[in-house]
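Enquirer: Read in the UniProt record's numbering, the sequence shown has 603 at position 603, and its numbers run on one by one without any break.
Certain hints may be false.
[Stated by the list, open to error] In silico DSS-like pairs for lysine-lysine, Cα to Cα no more than 30 Å straight-line:
1. K64 with K189
2. K64 with K220
3. K64 with K603
4. K17 with K603
5. K150 with K64
What the hints contain is simulated information worked out from the structure, not anything from laboratory work.
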Amino acid sequence: MARWLPRSTDLTRFCQKLNRVKTLEDDMMETSFNRCLSTIDLTLLGIGGMVGSGLYVLTGTVAKEIAGPAVIVSFIIAGFASLLAALCYAEFGARVPKTGSAYMFTYVSVGEIWAFLIGWNVLLEYMIGGAAVARAWSGYLDSIFNHKIKNFTETHVGAWQVPFLAHYPDFLAAAILLLATAFISFGAKVSSWLNHVFSAVSMGVILFILIMGFVLAQPKNWGAQEGGFAPYGLSGIMAGTATCFYAFVGFDVIAASSEEARNPQKAVPRAIAFSLGLATGAYILVSMVLTLMVPWHTLDPDSALADAFYRRGYSWAGFLVAAGSICAMNTVLLSNLFSLPRIVYAMAEDGLFFQVFSRVHPRTQVPVIGIVVFGLLMALLALIFDLEALVQFLSIGTLLAYTFVAASIIVLRFQQQKADAPTQPPGSRPSPEPREGPTTGELKEYESFSDKLQLVDGDKSKEHREPGQLKAAFEPYLEFLSDFYPGEVVTVAVVTLMVSAICLCSILVFGNTHLHLPNWSYSLLLVLFSLGFLLSLLLIWAHEQQRSTQTFQIPLVPLSPALSIVLNIYLMLKLSYMTWLRFAVWLILGLLVYFGYGIWHSKENLREPRPQRVSARYVVFPSGSLEETVQAVQPSPQPTAGLPDTDTDEAKR
C-alpha cells in the first residue's frame with residue numbers, strides 16, 4: 001500500500017512545478033507584434049475601456065437609489081481606490097512590457113498555477129463583458145426605434161422560455177460583435193484609429209453635457225427641501241463607492257497593450273494616469289450636473305441624462321446623449337475584443353493554453369486566430385444567452401486580478417534583480433555570495449550547511465545589502481530572521497498579510513449579519529486580525545527593497561499595494577453567494593485545463609535542468625576551522641556494460 005503513495009521528493013518537485021515563475025528574455029522589447037501605439041493611443045484605449053455605458057446609466061442609478069447627490073463623493077473615493085490598483089499595473093507594465101496584463105505580472109513574480117487561474121478568470125470576464133455590452137448596445141438602439149427590432153424578431157423567429165437563455169435571439173448584438181471582430185483583426189493601428197473616432201465623439205458629447213448641464217444647474221436641488229446633499233448618509237456613500245468602483249474597470253487594456261507600445265517604459269504609466277484621471281473627472285462632473293439639473297429623487301435610472309434634458313425642455317439633446325452612449329459602448333466593445341486575444345496569446349505562447357492561439361499573422365502582426373475564435377464565441381454568447389445573471393460575475397475576476405497584481409508588486413520589489421541574482425534551477429534556493437577558488441581564481445557558487453550557519457567567511461557587516469535582506473537597523477532586534485534567504489520572510493509575510501486581510505474583511509462583512517457575533521468577540525477578532533495585518537506589513541517593510549530603477553515605481557510600497565489588497569478582498573466578499581458558486585465552477589474547469597494540458601506543455605519545463613548528483617566532503621582541522629570541498633559528480637554520458645562507474649567510485653572514496 002505504501003509503495004503507491006507519492007514520495008516526499010515527488011511532492012516537493014510537483015509543488016515546485018506549480019509555483020515556478022516565468023523566465024523573461026534579456027531583451028524584453030523584442031516582439032512579434034507591431035510596436036506602433038503612442039501614449040495618446042494607449043490613453044484613448046484606457047478611456048474607451050472605462051467611460052462606457054456606465055457614464056450614462058450608472059450615475060443616475062447610484063444617485064437615485066444609493067447615495068443621492070453624494071454620488072460625487074462616491075466617485076472620488078472609488079477613483080482613489082482604483083488608482084491604487086492602477087499604479088500597480090503601471091509599474092508592472094513599464095518593467096515587463098509584455099502582453100498578458102495581470103496574467104503575465106503574476107507569472108513573473110508569484111507562480112505558474114496562480115497566473116493561469118488569473119488568466120482563466122480574466123478570459124471569461126472579457127467574454128461576458130463584451131457580450132453584455134453588445135446586448136446593452138442592441139437594447140439601447142432598439143429603444144430609440146420603439147422596440148421594433150425586438151418585436152420583429154419575436155414575431156418572425158419566436159421567443160424562448162428556457163432558463164439561462166435570452167427571451168429572443170439578439171441578432172443585432174451578434175452582428176455588432178462580428179463587425180468589431182473584423183476591424184480588430186486588421187491590426188493594432190486600425191483598432192486604435194477606430195477607437196479614436198468613437199472616443200472623440202463620446203468626449204464631444206460629454207463636453208456638451210457638461211456645458212449645458214452647468215447652464216441649466218439649479219443649486220436648490222442640493223438643498224434641504226430636496227433631501228440634502230447626502231440623504232443616505234455615510235453608509236450610502238460607501239455603498240455607492242462599491243458600485244462606482246466597477247466603473248473604472250478597463251484601464252488594464254493599457255497593460256495588455258504594452259507589447260505594442262513604442263516606448264512602454266514611459267507610455268504605459270503615463271497613459272494609465274491620464275486615462276484614469278480623465279475618466280474620474282468625467283464621472284464626477286457628469287454626476288454633479290445631473291443632480292443639479294433635476295432633483296435626484298426624480299431621476300430615471302435607465303436613461304437619467306436624456307430624461308433630465310427632456311424635463312428641462314431640451315428633448316433634442318436626448319439624441320446627442322443617445323449618440324454619445326452608443327459611441328461609448330463601441331469603445332468598450334473594442335477594448336474587450338482588443339485585450340482578450342492578447343491575453344490568450346500570452347498564455348498560449350507560454351505553453352499553458354492551446355498553441356494554435358499563439359500564432360501571429362505576419363502582415364497584420366496580431367493573433368488573428370484568437371481574435372476570430374473568441375469574437376465568434378462572444379457573438380454566440382450575446383446571441384442566445386441571458387447575460388443579466390452573469391454580469392455580476394465580472395466583478396470577482398477583476399478584483400481577484402487586482403489582488404494578485406498588488407501582491408506581486410510586493411514580492412517583486414523584495415526580490416533580487418536579475419543582474420544581481422545568480423542563475424538557479426526553478427524552485428531551488430539561491431546560493432550565497434560566490435567565493436574565489438584557491439588556485440584558479442574562478443568564482444564558484446555552492447551551498448552547504450556551513451554557509452547556512454555562516455561558520456566560514458561570515459561577513460555580517462557588509463554595507464551593501466541585497467533586496468529581500470533584513471535592514472541593518474532591525475538586525476539587532478530581529479537577528480533570528482538573518483538565517484533566512486533573501487525574500488523568504490517577505491514571501492511568508494505577504495501570505496500572512498493576505499490571510500489576515502481575508503479574515504479581517506470577513507468579520508467586517510459577515511460579523512454582525514451572518515455570523516451574529518457578540519460585540520466583545522466582534523471587537524476582539526477585529527483587533528487580532530488588524531494586528532496580524534499590521535505586523536505582516538511592518539515585517540515586510542523591515543527588509544531591503546530594490547533600488548530605484550529607470551522605469552516607473554509605485555510609491556509607498558508595501559503600504560499602497562496592501563491597501564489595494566484589503567479593498568479588493570472587501571469588495572469581493574460583498575458579492576452574492578451565487579457569484580462565488582459560479583466562480584468555483586469556473587475555477588474547477590480551469591484546473592482541469594491546466595492539469596490536463598498546461599502543466600505538461602509549459603515552456604518552463606524545457607528550462608528545467610536535469611538534476612545532478614553532488615557529493616560533499618568536510619574536513620575538520622585541528623585548529624577547529626572548517627573547510628568544504630564540493631564536487632559535482634556527472635554521470636558518464638555513455639556507460640559501458642561491465643565497467644565500473646569511476647566517478648561514483650571516486651565520490652565514494
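Enquirer: Keeping to a limit of 30 Å between CA atoms, is the pair of K64 and K189 held or broken?
Expert: Measuring from Cα to Cα gives roughly 41 Å; hence the hint is violated.
Enquirer: Within 30 Å, alpha carbon to alpha carbon, are K64 and K603?
Expert: Measuring from Cα to Cα gives roughly 52 Å; hence the hint is violated.
Enquirer: Would the hint linking K64 and K220 be met if the CA-CA limit is 30 Å?
Expert: Satisfied, since the Cα-Cα distance of roughly 17 Å is no more than 30 Å.
Enquirer: Are the Cα positions of K17 and K603 separated by 30 Å at most?
Expert: Given pair K17, K603 holds - Cα atoms ~11 Å apart, limit 30 Å.
Enquirer: Holds or violated: are the alpha carbons of K150 and K64 at most 30 Å from each other?
Expert: holds, 28 Å
Violated hints, in rising order: 1, 3; the structure is consistent with all others.
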